[in-house]
Amino acid sequence: MVNENGVLYTIEGVAAGVLMITTAYLVVSTTVMFTPGDSHIIDMQLEQLGNDVLASMDTPIRYGDPSPLELYITDNDSSGFSNHFLLYANTAAQPGFGRIKFNSTVYYRKDADVGSYHFSDSGDIMTGREHMVNVNRRVFVKDYTNPPPPGPDDRPQSVLLEVTLWRD
Amino acid sequence: MTKKSKKIHKESGVSETIGYIILFGIMTTGIALVTLYGYPVLLNEQANANVKNMERNMIALQSDVKSLNFKNVPYRENTLQISGGVFKVEKFSTDTKYFKVINETGNYQLIPAASFPGNEFHPGQLLFISEKGDILVGLQNGAVVKREQGGSTMLSEPRWFIDSSGSDKILVLIFTQIDSDADYAKSGIGILQMSSEQPVEVSYLLSSASPIRIEYHDTESDYFSAWRNYFNTFSATTDSTVTIPSVKKVIMKFYKVKILGL
Amino acid sequence: MWIEKFHYWVFHHTDDSGQLSIDFVVGLSIFMIAFIIVSTMSAGLLVGLQSKTIDYDAVAYRTGVILAEDPGEIDETVGVAYIAPDRYAWDLIYPDYYPAYHEANMMRMGLAMPRYYYDIPSQIVMSHKTEQFFDPSKYERDFYKDKIIFGDYPYNYYITITPLDGGQSKSVGDPVPQKQQTGYIKRVVMVKHPANVTLNVFDTTGLANGEMTVSFNFYNLSSRTPGFMVYPSLERSIINLTNFSTPTTITSVKACSPTCEDTQPTTPTIWIKKPNGEVWRAYQISPLGMALSVENGTLIEVDPGYLSKRYFPNLGPVDKIDVKMVFSDPTLGGEKDFSYVQEVSFNESFHQPNLTAAVLEAWVW
Amino acid sequence: MGLIISVSIFLLAIIVNQSMLVGQTTSESVLDFPKAEIQDIRNEVFRYRSAEVDPDPIQADIETLTLYRKSALVDISNTSERLTIHYNNGVTYYHEVIQI
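Residue numbers (my numbering), protein chains in the order written: chain A, 41 to 208; chain B, 446 to 707; chain C, 2 to 366; chain D, 6 to 105.
Hints are not guaranteed to be accurate.
[Stated by the list, open to error] Capping the alpha-carbon separation at 27 Å, the derived lysine-lysine pairs in DSS-like fashion look like this:
{"no.": "1", "chain 1": "B", "residue 1": "Lys631", "chain 2": "B", "residue 2": "Lys497"}
{"no.": "2", "chain 1": "B", "residue 1": "Lys545", "chain 2": "B", "residue 2": "Lys694"}
{"no.": "3", "chain 1": "A", "residue 1": "Lys150", "chain 2": "B", "residue 2": "Lys545"}
{"no.": "4", "chain 1": "D", "residue 1": "Lys75", "chain 2": "B", "residue 2": "Lys545"}
[As the list claims (entries may be wrong)] Simulated DEER-style distance windows between Cβ atoms:
{"no.": "5", "chain 1": "B", "residue 1": "Glu642", "chain 2": "A", "residue 2": "Tyr103", "range": "39 to 47 Å"}
{"no.": "6", "chain 1": "C", "residue 1": "Gly278", "chain 2": "A", "residue 2": "Gly120", "range": "50 to 58 Å"}
{"no.": "7", "chain 1": "B", "residue 1": "Asp613", "chain 2": "D", "residue 2": "Glu86", "range": "21 to 29 Å"}
To be clear, the hints were calculated from the coordinates, so they are not data collected in a lab. C-beta: ideal position from N, C-alpha, C; glycine also.
Work out the full structure, taking the sequences as your base and the hints as a guide.
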C-alpha cells in the first residue's frame, strides 16, 4: 500500500506534465504565426523625420528670404544640402540610433515631360538592398542660376525633391 | 487496532481488477474520443490558421507593393512563413488572366499595344495554393484575392478611383505587373525581395465624355466574382466587365514589380 | 491505554510519512517543471496579442504631432474666453491669477503657432510656449500625461528639445529606461523667437520731457506673412533701452489704451530686467519709494497675453496699445511706433529674430 | 490542473488567432495617410502665391509631378478671391477652398 501511493504520485506528476506540454505544443504550433517584423514602425518614424527635415529646411528663416532648400537647389549646392540635411536628421538627445544616410533626386517638368537629375547624397554607396523610405518636398525655385544639364527650363517653377533615406 | 481492522474489512469488498478495468476502459474511451474528434478539429484549425496567416502575409506584401509604387521606394523585402501550402511567383506572361480597357465610343483599345501586346494587360500574381489545392490566395494587380469553394472574394482592393470633383470625370486606373527572372516557389520560410521598375504612364483626354469599358478575362474563372464585385463599386454589372459612363479623362499607370528572390 | 495510542501513532506515521513525502516531492517537482515550461510558453503566446511596442510608438507619434503641429486648446465655454483671447491660448492662462481655470480647462498643450491664418506654416513652434512647457516648476508630472500623452494606460514619458543653434536642451519626464522597449518619435521644428527692439532713449529734439511712449500698433504689425508676423498679444515683446548718457531712474511704466493705467500687479504683466540680473515688476514703481535706477541694456519685457482684450477691453483688432515709461531725466524719451518700418527717429527698427531649428524627441513607455 | 491549464491556453490561443486577423497596424495607417503630401502642397501654393509670379505653369508643375511620381490627382485653382486645393489619391480625398 505504501508503495502504491508513491508510484501513483510520480506517475500523476509525469502524466500531468506530459499532457500539459503536449497540449501547449500542439496549440502553440497550430496557432502561432510568424508575423513579419513590424518594419512599418521604423518606416513611420523615418518618414516622419525625413518629411520634418525637408519641411524645416524649406521654411525661410527670415521674412522675405528664400528658404535654405530653395537656395541649395538654385545654386545646385549639393554639399550644402547634405550637411544641412544630415545635421537635422542625425541630431538626437541620446545616442543609440543608426546614422541617417540618404540619396536625393530632383524631378522637374519640362513642357509635357518630366526630367530628373541626381542632386545630393550622403556619400554612401547604396547596395540597393537597404530598408529605405522615400520622402519628397515640392520646392519653389524662383530662378535656377546653375541648372544641371540638360536641365530644367529657365523659369520660376516648382520642382519635386525626392530623398531616399535609410539608417546604418 | 480496531480502526485498522475495520479499514481492512472495508477494502476487502472491492475487486481491484474490476476497478482497474473500469478505469482503463474510461481512459481508452477518452483517448479514442479525443483522437477521433479533437485531433481533426485541431488539424482543421491549423489549416485555417495557415490560410489566415497567408492572407495576412499577402496584405503585408500588398502594402510593400504600394510602397514600391506610390512611395517610390526602390527596394523592399519581406520575410514570409509559408506553411500548409506553396507560395509561388507567377510572372505576367504565363497566365491566362488579363485586363482590357476600351473606349466604347469608337471602340478604341486604351491599353497601349507597344508595351502590352494585343492591348492586353497580364498582371501575373503572387500566389499561395493550400495543401489540398482548394484555396488560392493571390496578390494580383494590386489587389488581394482569394478563391475558395468555387467562389472568390477580394480581401483588399487595388487603388483605382474616379475623381469627379471638377466638371470632368477622371478615371484613374493603376495596374501592377509581377515580373521575375526565374520561377520561384517556396514552402517554409522565405524572403521575398522586390524592386520597382520605371512605370509606364498613359493619359487620354477624350474629345467628349465617353463610356469606358474595363474587362477582366480569366479562363479558369479563379477570381471572376472577386473582380465582378469590385467592378460593381464603379457601376452596376453582372459579369467581370464594367462600363463606366461619361468619362472625360483616363489616366493609367502601369507599374512593374520585379521579384529578385524568394 | 496511552501506550497503546502512542504505539498506534508512531506505527502508522513513521510507516507512511517518510516514503510519501519523497514520492510527493518527485511528483510535485516534475509537475512544477512542466508547469513552468508551459507558463513560459503561454507568456510567449501572448506577445503577439499585447503588442505594446506598437502601442507605445503610436502614442509617441501622437504626442509628437500634438507638440509639433498643434497649437493646443483650452475649453473656452467655461469662462476662459474671458481670461484668454481665444481657444488656442492654453499658454496665456497664468496660474497665479486664475489657478482654478488653469488646469481644469486646458485640453492640450501644443507648441505650434496658433492657426489664425490659413497660411501658417506647419512646422513652426513658439519659443515662449516651449519655455513654459519645459519649465519644471510649472506643471505636475501627471499633468503632462493628461494633456499631451492621453490614454487610460498610465504611460511614462520623456520629452526633450534640443536647439540646433547651440542652446541648452530642455526636458520633462522620467529618465528613459535602458532595458525596456519604448516608443519613440523625433520631430524637427523651427522655433519663432520673441520680437525685440533696441531703443535710443536720449531725445535729440529736446521735446521728450522724460517720457517715452512705445506704440504697439496692431495694424502695422500684421503686414507680414503669418510665419514671420509679430503677435504682441500672444508673444513676449522685449524693449531694450540704450544710450543713457547720465545715471537716471525710471519712475513709472503705464499701459495706455487709450487711457493710461498701472500695469497688472500679477502675471501677465510688464517687467523691468536690469543687466545685473535684477528683475522688477513695472507695477507701481514710485509708491514703493524707490524709483528704479536704469542703465544701458535694461529690458522692458511684456508677458505673452498681456496686451490683449482681456486686460484692455476697449481694444479693437487694428488698434494700438502704448507703453509709457517715465524717467526722472527730462532729456530722455520720445515717441516710438512699434512696427516693422522705420517710422521713428534714430534708426530704431523692429527686429524679429531668425527662426532656429530644434529637434523635439519623445519617448513613451 | 493540467486540464485547466490546457483549456485556458486553448482559449487564449483562440483570442490570439482572432487578433491575427487584424492585419493593419497603427503605423501602417499613419504611413497610408498622406499628411505630409497635403501640407507640402498647401505650403507650396502659399509660397508661389506670395512670390507673385504667373501661377499657371507652377500649378502645372505640381499637378504633373504629383501624378507622375505619386499617382495622385492634384487640382489647384487660384483666383484673386479664392484658392482651391484638391487632392485625391484614391484613398484620401482632400478638398480645401480658401476665401482670400
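Outcome of the hint check:
| no. | hint | in the structure |
| --- | --- | --- |
| 1 | Lys631/B with Lys497/B | holds (17 Å) |
| 2 | Lys545/B with Lys694/B | holds (17 Å) |
| 3 | Lys150/A with Lys545/B | violated (31 Å) |
| 4 | Lys75/D with Lys545/B | holds (24 Å) |
| 5 | Glu642/B with Tyr103/A: 39 to 47 Å | holds (45 Å) |
| 6 | Gly278/C with Gly120/A: 50 to 58 Å | violated (40 Å) |
| 7 | Asp613/B with Glu86/D: 21 to 29 Å | holds (23 Å) |
Of the numbered hints listed earlier, those contradicted by the structure are 3 and 6.
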